[in-house]
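Number of protein chains: 2
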Amino acid sequence: MVDHPHLDLEEIVRDSFDEDELQQLLARLTELEPAELALALESMPLEQRLNCYLGLAVSDQIDALMSMRVDARENIFRQLDDQQLRTLVEEMDVDALLELLDELPTRLYDYACSRLDASQRRWLETALTYDEDQCGRYADHDLLIINKNARVRDAIRLFQNLPDDTEYQDTLFVIDRTGRYAGQIQASRLLGQATHLPVDLLIDHDAPVVEGELDLDQGSDIVSRSGYTALAVVDSDGKLLGRLSIGEALENVRRSLESQFMHTAGLDEEEDLFAPIMISAKRRALWLGINLLTAFLAAWTIGLFEATLQQVVALAVLMPIVASMGGIAGSQTLTLMIRGLALEQITEQTYMALLRKEMGVAALNGVLWSVVIAIITYFWFGDWLIGGIIGAAIVINIVIAAVSGVYIPRWLDKLNIDPALSGSVILTTVTDVVGFFAFLGLGSLFLLA
Amino acid sequence: MVDHPHLDLEEIVRDSFDEDELQQLLARLTELEPAELALALESMPLEQRLNCYLGLAVSDQIDALMSMRVDARENIFRQLDDQQLRTLVEEMDVDALLELLDELPTRLYDYACSRLDASQRRWLETALTYDEDQCGRYADHDLLIINKNARVRDAIRLFQNLPDDTEYQDTLFVIDRTGRYAGQIQASRLLGQATHLPVDLLIDHDAPVVEGELDLDQGSDIVSRSGYTALAVVDSDGKLLGRLSIGEALENVRRSLESQFMHTAGLDEEEDLFAPIMISAKRRALWLGINLLTAFLAAWTIGLFEATLQQVVALAVLMPIVASMGGIAGSQTLTLMIRGLALEQITEQTYMALLRKEMGVAALNGVLWSVVIAIITYFWFGDWLIGGIIGAAIVINIVIAAVSGVYIPRWLDKLNIDPALSGSVILTTVTDVVGFFAFLGLGSLFLLA
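Residue numbers (UniProt numbering), protein chains in the order written: chain H, 1 to 449; chain S, 1 to 449.
For reference, chain H alone in the conformation it holds in the complex (with noise of 0.2 angstroms):
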């Protein structure tokens, strides 16, 4: 039993270190798993990043980099010049080179294609007929192949040949002559059979499959939810085109749902920590961009009132409750469903339920609050009228947020937006217009002489 302490970032990572610092520091890298390496490098200022990079050696920096956020790893691409590019190079597998494609220039990438053995490129040349949200694009080929005339000892002589650092290899991938994928065996399925006995007889014929096609978000659903270590992917002719598994589709999930999550604050989930200052400016810029039209088209509304607002003061001190009121009570409802999307869990069936289900939890909230909200009103202003103005204004838009924060996400899905990015951003725009609106339409209707 070695020890294994939890990945404690606060020593590792620092400002700044001496020569004797930073071998001590790589020492300790190069005992972490790659994903936790890829953590450790991705919480390093820029510059400390770079350093214990180069500070690795070649099959570790590609293990890193494989682990590693998008703009987390281009930000180190960027600062290699063409000799340290090739050396890498030199030493990408199908999979390491299909997974850094992107950042790679052309020529490097021609390079790197002319290494590969023709088994290799035959990989990556199916590969590359899939999509890039594609199972079939990510399929891992590193994964145990034995054919379907094999024996049990021809499979336990090819567990035995595994190297040690290999990640969930429990799993053979049994083709017939075609190539075509016949079913998969556990290693402790092999155990104690007679080693003669033909491997056919052993395959496990309950495991899935999953499509090359299909997205790889459900691609990674069906592995994590099926109790296997890793499922084969396949062409549209049955062909094995490798292996999907429990470890990726994790990496996958967890992707997913931080992409959500960053999604919220129109950020993406390859964000670098410590991006540059103009990349991350200029990435950012966008996204404040579309919240200013929003902002205006809500600065318009309030224009609209102009001369009630001058009358009566009060308003424009009341407005931003009503508008943040409705921007809450939408954005409640606007995240039950993008996660509820998101899990493909909401149908046409049960939409309507969805539906009078939110419609009722806002009617509630919106007459208890805006009671609250008028009592409060009327002991600041003393104005009974207003009071309920305000009160009336927060029912209308919780009300009307709730029927926003279900059709909008539905609306932008069937789109193909995703909700979680677009969804807030219209939202507030509705719950902003309709806010200052009812209000600001009420008061003037019954305040003005």
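These aren't lab readings, by the way, just hints derived from the structure by calculation. Hints should not be assumed to be uniformly reliable.
[Said to hold, decoys possible] Distance ranges between label pairs, derived from CB positions:
| hint | chain 1 | residue 1 | chain 2 | residue 2 | range |
| --- | --- | --- | --- | --- | --- |
| 1 | H | ASP8 | S | SER236 | 55 to 65 angstroms |
| 2 | S | ARG153 | H | ARG115 | 44 to 54 angstroms |
| 3 | S | ASP154 | H | ASP8 | 50 to 60 angstroms |
| 4 | H | ASP8 | S | ARG28 | 45 to 55 angstroms |
| 5 | S | GLY179 | H | ARG122 | 17 to 27 angstroms |
| 6 | H | GLU348 | S | PHE77 | 22 to 32 angstroms |
| 7 | H | PHE379 | S | GLU132 | 21 to 31 angstroms |
| 8 | S | LEU293 | H | MET352 | 52 to 62 angstroms |
| 9 | H | GLY179 | S | GLU125 | 48 to 58 angstroms |
[Stated by the list, open to error] What the simulated footprint calls covered on chain S by chain H, stretch by stretch (three residues with Cβ under 8 angstroms from a Cβ of chain H suffice, anywhere in the stretch; the number is not a length):
| hint | stretch |
| --- | --- |
| 10 | 31 to 41 |
| 11 | 86 to 99 |
| 12 | 110 to 121 |
| 13 | 262 to 269 |
| 14 | 284 to 292 |
We treat Cβ as the ideally placed atom computed from N, Cα and C, and that holds for glycine.
Using the hints, position chain S against chain H.
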């Protein structure tokens, strides 16, 4: 190779159905993996959910309940009578009991305990000495344990006696006479070994262990990054408490990322899509109330400048823009920080580097957008002074938003408050108050006669 299509809830979930349809539906449901079955039940409105649940075999009911969200599960429990609950707990093993503990009435819990055998009851008692968020509490007791002195042939027999539907059971956990964990062995390692060989010669000494006291999230990260299918969970004396498998690790990673996302809207990851209206309204009311406080604080800030607003109504029209730009910019920094903190990626050493970067990004975007807004404002109101004032207020607000975005989550994290839940409320309060104060304050200084 079995035909196992992607789980399609559109085909399963209905708003209503007759007896024939229910039987067909049940036939489909029983084919699903437990995680899929749980998701299908969660996707159904309460009435359909209960009907389907009641049609399942007791063992499927338990499997589904264990994989369901707490709220969705409670909404089933709430509708079961005592006899139904009793039948259910009679079939529960120690892991089911530990998972469903909180939802069971005490007397049923005692009844369930009385039906466990001695060894299961010992597991239960040990697990209950750990907190709800510790690995020792959720260690899985369905694992293959072998004595150090056993031979390969004994190990092989263990694997051969495994039931068919076990998940991630390719690992053997070795203990000594006193129950202390001695190491683990993969099934594939046993292949081709002489059957009389003592198993302790085959132990994999690289496999990490998970301490029982460790936080479940951290334990799940260790498992997910280790490359192993399951790791041993041990107590402080090194005694084996159970295992943490990659399947459970994935489920925990999923829940913890989902909670991050749901918390941004003040929701819980356990929230049931079809929760009863009253329950859902009550839970969300609190969040609306907290946000109302911050909205009133913003309104109060505006109220300080009533006199100014009365004279320059353009300020009332434009003020939401200042608050909104600060809020958006701040939430980008906040979101990046929350992710970094969740990954334990942000350390004391790199904290200042991060602050400098975020302030740099804010300064760039602040200047860019304040110029744009100043120009638009000039064309709208024909007054350069108002343009200058809104520009200055936006630069101030965006830079303060960045500083708050870095400091607020850091400070909440130190106080052990979840920044994903409270961060955005506090940040919005800051950007609202600062935005209104800066804009209306500058307006009062420069625009009043």
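Results of checking the hints against the structure:
Checking the proposed 55 to 65 angstroms range against ASP8(H) and SER236(S) shows it is violated: the Cβ atoms sit about 19 angstroms from each other. Look at ARG153(S) against ARG115(H): about 46 angstroms separates their beta carbons, and that is inside 44 to 54 angstroms. Checked against the hint of 50 to 60 angstroms, the pair ASP154(S) and ASP8(H) fails, with Cβ atoms roughly 39 angstroms apart. Restraint check, ASP8(H) to ARG28(S): a C-beta distance of roughly 48 angstroms satisfies the suggested window 45 to 55 angstroms.
Between GLY179(S) and ARG122(H) the CB atoms are about 52 angstroms apart, so this pair departs from the stated range of 17 to 27 angstroms. Between GLU348(H) and PHE77(S) the C-beta distance comes to about 29 angstroms, which sits within the given range of 22 to 32 angstroms. At roughly 43 angstroms, the beta carbons of PHE379(H) and GLU132(S) sit outside the given window of 21 to 31 angstroms. Distance hint for LEU293(S) and MET352(H): a CB-CB separation of about 35 angstroms, inconsistent with the stated range 52 to 62 angstroms.
At roughly 54 angstroms, the beta-carbon separation of GLY179(H) and GLU125(S) lies within the given 48 to 58 angstroms, and the hint holds. Counting residues of the stretch 31 to 41 of chain S whose C-beta lies closer than 8 angstroms to any C-beta of chain H gives 4; at least three are required, and the coverage claim holds. Beta-carbon proximity to chain H at under 8 angstroms applies to 0 residues in the stretch 86 to 99 of chain S; the threshold of 3 is not reached and the given coverage is violated. Only when three residues or more bring their CB closer than 8 angstroms to a CB of chain H does the claim for the stretch 110 to 121 of chain S stand; here the count is 0, and the claim is violated.
With 5 residues having a Cβ less than 8 angstroms from any Cβ of chain H, the stretch 262 to 269 of chain S passes the three-residue criterion, so the hint holds. Note: the stretch 284 to 292 of chain S has 7 residues with beta-carbon separation from chain H under 8 angstroms; the three-residue rule is met and the coverage holds.
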